[in-house]
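2 protein chains.
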Amino acid sequence: MRFDLSVYVLIDPDQACGHDPVALARAAAAGGATLIQLRDKRGAIRPAIELARALTAALAPLGVPLLVNDRVDVAMAAGADGVHLGQDDMDPATARRLLGPRAIIGQSVKTAAHAAALPLGAVDYAAVGGVFATLSKHNPEPPLGLAGLAERIAGLRARKAGLPVVAIAGIDAANAGDVIRAGADGVAVISAVAKAADPAVAVAAIRRAIEEARGAR
Amino acid sequence: MRFDLSVYVLIDPDQACGHDPVALARAAAAGGATLIQLRDKRGAIRPAIELARALTAALAPLGVPLLVNDRVDVAMAAGADGVHLGQDDMDPATARRLLGPRAIIGQSVKTAAHAAALPLGAVDYAAVGGVFATLSKHNPEPPLGLAGLAERIAGLRARKAGLPVVAIAGIDAANAGDVIRAGADGVAVISAVAKAADPAVAVAAIRRAIEEARGAR
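Protein sequence lines correspond, in order, to chains A and B. My numbering applies: residue 1 is where the first sequence begins, and numbers increase by one. My numbering applies: residue 1001 is where the second sequence begins, and numbers increase by one.
By construction, these hints were calculated from the structure, which means they are not laboratory data. Please note: incorrect hints may appear among the correct ones.
Pairwise CB distance ranges, derived in the manner of DEER restraints [stated by the list, open to error]: (1) A1023(B) / H138(A): 33 to 41 Å; (2) E141(A) / P1142(B): 33 to 41 Å; (3) R2(A) / E1050(B): 27 to 35 Å; (4) A1112(B) / H138(A): 38 to 46 Å; (5) G215(A) / G1121(B): 53 to 61 Å; (6) D14(A) / A1154(B): 26 to 34 Å; (7) A1133(B) / A30(A): 39 to 47 Å.
Derived list of chain A stretches under chain B, where covered just means 3 residues or more per stretch with a C-beta under 8 Å from a C-beta of chain B [stated by the list, open to error]: (8) 42-55; (9) 65-73; (10) 80-90.
One side only, chain A facing chain B, incomplete, derived with CB under 10 Å [to be verified]: (11) A95; (12) L135; (13) K137.
We put the CB at the ideal spot given by N, CA and C, even for glycine.
When you get a sec, could you build the whole thing from the sequences and use the hints?
Laid out in structure tokens, this is it:
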């Protein structure tokens, strides 16, 4: 399935800052989000499936794919477009076998070892984490920074030319352009959107920053 | 898929009493277990898939089906024969859609409300829990006892004649016959097997008790 990592918005029901998660996803799509991920760390599968189904129903008519973080079973139950897998989740090759060739499958890459082990035959993109300091997740490692990000992306693309890469952690409209100039195809955001009074406006600002950086590249 | 609930042995890596889980499953099969369940509450999916795959590889040649407790994704990844679902796991109808018509799907029934809501079109059997006091699981409810078990089974079979029912909680060779006489098709056991010095002998004793009860019924 075709996908666009440009503005990849994560919807976390525990970090929605009072927004309804489905309304937040709709607002993100209206603001120009190109991909949406359900990041549900609550731990119970039934509410996760219910939310994934509501998001799929809301986003499918808008043409914005929905990926599910961590849980292949939730993605399958809800008919989502794919999964985003951490290093401790189901391995991408097994997920590919269960989800089929059309599913979008990404994996988190936080270390050089992860980058070297990324299963290129099974994943559609890599999400390079820890770019900046973030409040959305506890990261024990120091941030990569822009130079570290560029280096990590170069390492991944030395393994596979043109591998789609999205960057995550601490990204907002003010630094999204720098991330694109460092070589990422897109930015993944949580709090920059959830904390905004108007999430659609926040997404639109990030999208504009990305387009300006691409124009200048 | 055909299955036999008679001696349904649960393998829990946290309650294996020093036995290797795969060796325990092999011993159970050698003693006459008719169905084996992986009950992995450790929470991490990769070790669960790994163990489920090892159990499938060990049991398939012996003709003993393996079900996976709770996790449809683990069952699919390992090519297990089915799943056993608790009331908070994926709903059986969705699991049936994902696993297909040949999978064995069971659900736990602990209360009258669970019995009334059991999705008969999606499940192959019911596991009536809380029969006796057990050390293997924290049960806040008082035990059903044999009369309560008989009543629960009658209630389920009033909804669907001949519904296969296995009983669980506190069952061993000493009371397995009573459970069969109360109407169950089989007994599910954990500690009665895991705590035994020779698990195959323990399973064989339970099987003998069941067959004697059936002969007398």
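Checked hints:
Remark: the range hint 33 to 41 Å for A1023(B) to H138(A) is upheld by a beta-carbon distance near 38 Å. Between E141(A) and P1142(B) the beta carbons are some 50 Å apart, a value that contradicts the proposed interval 33 to 41 Å. The hinted window of 27 to 35 Å between R2(A) and E1050(B) holds, with their beta carbons roughly 34 Å apart. In this structure, A1112(B) and H138(A) meet the distance hint of 38 to 46 Å, their C-beta atoms being roughly 43 Å apart.
Against the hinted window of 53 to 61 Å, the Cβ-Cβ separation of G215(A) and G1121(B) comes to about 57 Å, which satisfies the hint. One distance hint, 26 to 34 Å for the beta-carbon pair D14(A) and A1154(B), is violated here, with the actual separation near 44 Å. Distance hint check for A1133(B) and A30(A): the Cβ-Cβ separation is about 57 Å, which falls outside the suggested range of 39 to 47 Å. Counting residues of the stretch 42-55 of chain A whose beta-carbon sits less than 8 Å from any beta-carbon of chain B gives 4, enough to reach three: the coverage restraint holds.
Check on the stretch 65-73 of chain A: 3 of its residues sit with their Cβ under 8 Å from a Cβ of chain B, so the three-residue criterion for coverage holds. Here's how the stretch 80-90 of chain A fares: 3 of its residues keep a CB closer than 8 Å to some CB of chain B, so the rule of at least three is met and the hint holds. Evaluation of the A95(A) hint against chain B yields a held restraint, the C-beta minimum of about 8 Å falling below 10 Å. Hint status for L135(A) relative to chain B: violated, with the closest Cβ pair at about 25 Å, above 10 Å.
Given hint, K137(A) at the interface with chain B, is violated; its Cβ is 18 Å from that chain's nearest Cβ, farther than 10 Å.
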